[in-house]
Amino acid sequence: MRKVAGIVIALLCVLFVACDNHCYVPQKSMLGIAFVDSTTLKPLEMNNIGIQGVGSDSIITTGQQASEIFVPLKQNAPQTDFVLAFSRTIEGVEVITYCHLNVSYNAYPQLVNPECGCVMFYELESATCINAQTGEVLNMELYNTNVVNIERDVHLKIHL
Amino acid sequence: MSILKYTCSLLVACGLSVGALCAQTADAPQTVVQEAAEQVAKTPVYQGTYFSVDLFNPVATLFNGGRFEASVAVDVSLWQRLFPVVELGVMTVNQKQDTYHFEATGGFAKVGFNYNFLNFKTDRKYDHIVYAGARYGYSYTGYQLSDAQISNEYWQESGVYSTGKRGAHFGWLEIQAGVRVQVYKSLFMGVALQIKTFGHYYQQSAYYPTYVAGFGVNSEATNFGFLYHLCYQLPYKK
Chain A
1 MRKVAGIVIA
11 LLCVLFVACD
21 NHCYVPQKSM
31 LGIAFVDSTT
41 LKPLEMNNIG
51 IQGVGSDSII
61 TTGQQASEIF
71 VPLKQNAPQT
81 DFVLAFSRTI
91 EGVEVITYCH
101 LNVSYNAYPQ
111 LVNPECGCVM
121 FYELESATCI
131 NAQTGEVLNM
141 ELYNTNVVNI
151 ERDVHLKIHL
Chain B
1001 MSILKYTCSL
1011 LVACGLSVGA
1021 LCAQTADAPQ
1031 TVVQEAAEQV
1041 AKTPVYQGTY
1051 FSVDLFNPVA
1061 TLFNGGRFEA
1071 SVAVDVSLWQ
1081 RLFPVVELGV
1091 MTVNQKQDTY
1101 HFEATGGFAK
1111 VGFNYNFLNF
1121 KTDRKYDHIV
1131 YAGARYGYSY
1141 TGYQLSDAQI
1151 SNEYWQESGV
1161 YSTGKRGAHF
1171 GWLEIQAGVR
1181 VQVYKSLFMG
1191 VALQIKTFGH
1201 YYQQSAYYPT
1211 YVAGFGVNSE
1221 ATNFGFLYHL
1231 CYQLPYKK
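From first to last, the protein sequence lines stand for chains A and B. Counting from 1, position 144 in the first sequence corresponds to residue 144 in this note's numbering; the numbering is continuous, with no gaps. Numbers given in this note's numbering equal positions in the second sequence, counted from 1, plus 1000.
Chain B on its own, in the form it takes in the complex:
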């Protein structure tokens, strides 16, 4: 009986020790999590609003066959990590060649976010960012092809054809990566590369515009773009 009592006491003592040890171990990760949460809580959520205007594409009109495209963007800095962004733009094309005349006008909008990989500490001196992001783009393009000269050797046919005015709704996925640098106080400059893919029409149609506003050449499954933009940062309390 005494042996039984001794054994039970020993088991209870072991159990209590293990329990105490587990409690102690459970406290350690909780402290680390608490510290991380406190650090995030100390970091201000809102860290500025940026208005950007692209300068590259309007200039590129001189080199891309007369396709004019311009866009502006607004993005907001959250924790200097996440930047929700909205872009709006327009496109006009008026290509008159010997064998065709193509006109198109359209507007586009993109919604997405950028993620900043560097320079996000609260005690940073400048608001430079190096980012990658994704967007969903939507556009409507009205277009018309006229004076199209087409010939057929086998049937010995030739003629001049027109499509009449048409329109198309289009969507696509876009990946963007870039750099934005604080040049002077609230003025920023940035460059970015765009990859536009997974293009899709909202309605099936035999006709399609050769150029899609915001996306580029329709016949390409993937289009690449380049941005050079000037940004203005709205003052905010740091």
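Bound-form chain A, shown alone:
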């Protein structure tokens, strides 16, 4: 009986430490940008959002109706530029805003775990969004400077 118990315990130990080869966490880190009402600080849903990286032929997202978007940062450069366009209704009138978004940061590699491998993390230093039509600098808040592999994490807030 004692031998059986010992064998069972040994088997349980092996199972306990046996590796699961699946990755259960995101394998990318994305910059989250949220639109908020400057008075109430509540999320502000845009009728239409489009964003494209400067230097890339692909559009990240377009036609999206949302209060937040998530974009990838360059890993081989200290900063990334985007062209951001968003529209909202103000007093019955649709207002479209185009702005040039610049984000600067420090990039560093991180081993998440053996199953997921390595992901590039970022520590934000600054972010500005300049209205392409008026030259006005939008009110942008650096809400969370650590861009890591957390899904739907917000890092920048544009106050409108």
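Errors might be hidden in some of the hints.
Stated by the list, open to error - Simulated coverage check for chain A against chain B, where a stretch passes if three residues somewhere in it have a Cβ under 8 Å from a Cβ of chain B:
{"hint": "1", "stretch": "118 to 126"}
{"hint": "2", "stretch": "133 to 140"}
To be verified - Pairs of lysine-lysine residues, derived as DSSO-like cross-links and limited to a Cα-Cα distance of at most 30 Å, are as follows:
{"hint": "3", "chain 1": "B", "residue 1": "K1237", "chain 2": "B", "residue 2": "K1125"}
{"hint": "4", "chain 1": "B", "residue 1": "K1096", "chain 2": "B", "residue 2": "K1165"}
{"hint": "5", "chain 1": "B", "residue 1": "K1121", "chain 2": "B", "residue 2": "K1185"}
{"hint": "6", "chain 1": "A", "residue 1": "K28", "chain 2": "B", "residue 2": "K1237"}
{"hint": "7", "chain 1": "A", "residue 1": "K28", "chain 2": "B", "residue 2": "K1096"}
{"hint": "8", "chain 1": "A", "residue 1": "K42", "chain 2": "A", "residue 2": "K28"}
Read the hints as simulated data drawn from the structure, not as lab findings. Don't be surprised by glycine CBs; every beta carbon is placed ideally from N, CA and C.
With chain A fixed as given, assemble chain B onto it according to the hints.
Quick look at chain B alone, frame taken from chain A:
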């Protein structure tokens, strides 16, 4: 007047009776407390020192991706109820995969206590215990990530990256429950389960080690552990 004298005498007599009754009642709990105190006083405070070495985690190196961890512990039996404990350990990791090379070395210490729920009478035949306890753990882990291959589909980037040598101070709270059985004279064997949580870094940093000495995988808020240890009990006068 005589009625007044009679009434006063009656009141005095009642008062004295009640006083006597209260005194008698007060004596009863005092006796129980005294008896309990006497029993505790008869129980020896010091009932042995135990030196333990964990055998499970060094063997588990074969199954956990090459993370080696070993620890030893010392605990002292007080009234065979309370066991203050100190644990010391080391960890080394050297994981070389196609997409990264991760190395880490660290040491850890834990301080806490165990509480024995069974078998604590002075006339017991064996020193088995069934216990639960808590510890605070502290560790320092030096680490380095190199040859990390990371790519970015949108920006069509890829590269090989390194962090350089870094270090981190870490603390956590640990709950442990287990059994320790007297196998032969001064030799004991035991198993225990650990729950490690409330991990925190002493300094805020953008970098962190993937494996923290004594705690486990950093990305997990709670880590579970298992111990199988051999113990030696220092002889003591019973």
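Consistency of the hints with the structure:
1. 118 to 126: holds (count 5)
2. 133 to 140: violated (count 0)
3. B:K1237 <-> B:K1125: 14 Å, holds
4. B:K1096 <-> B:K1165: 16 Å, holds
5. B:K1121 <-> B:K1185: Holds, because 18 Å separates the two Cα atoms, which is no more than 30 Å.
6. A:K28 <-> B:K1237: With a Cα-Cα distance of about 62 Å, the restraint between A:K28 and B:K1237 is violated, given a limit of 30 Å.
7. A:K28 <-> B:K1096: Roughly 21 Å between the alpha carbons, so the hint for A:K28 and B:K1096 holds.
8. A:K42 <-> A:K28: Holds, at roughly 27 Å.
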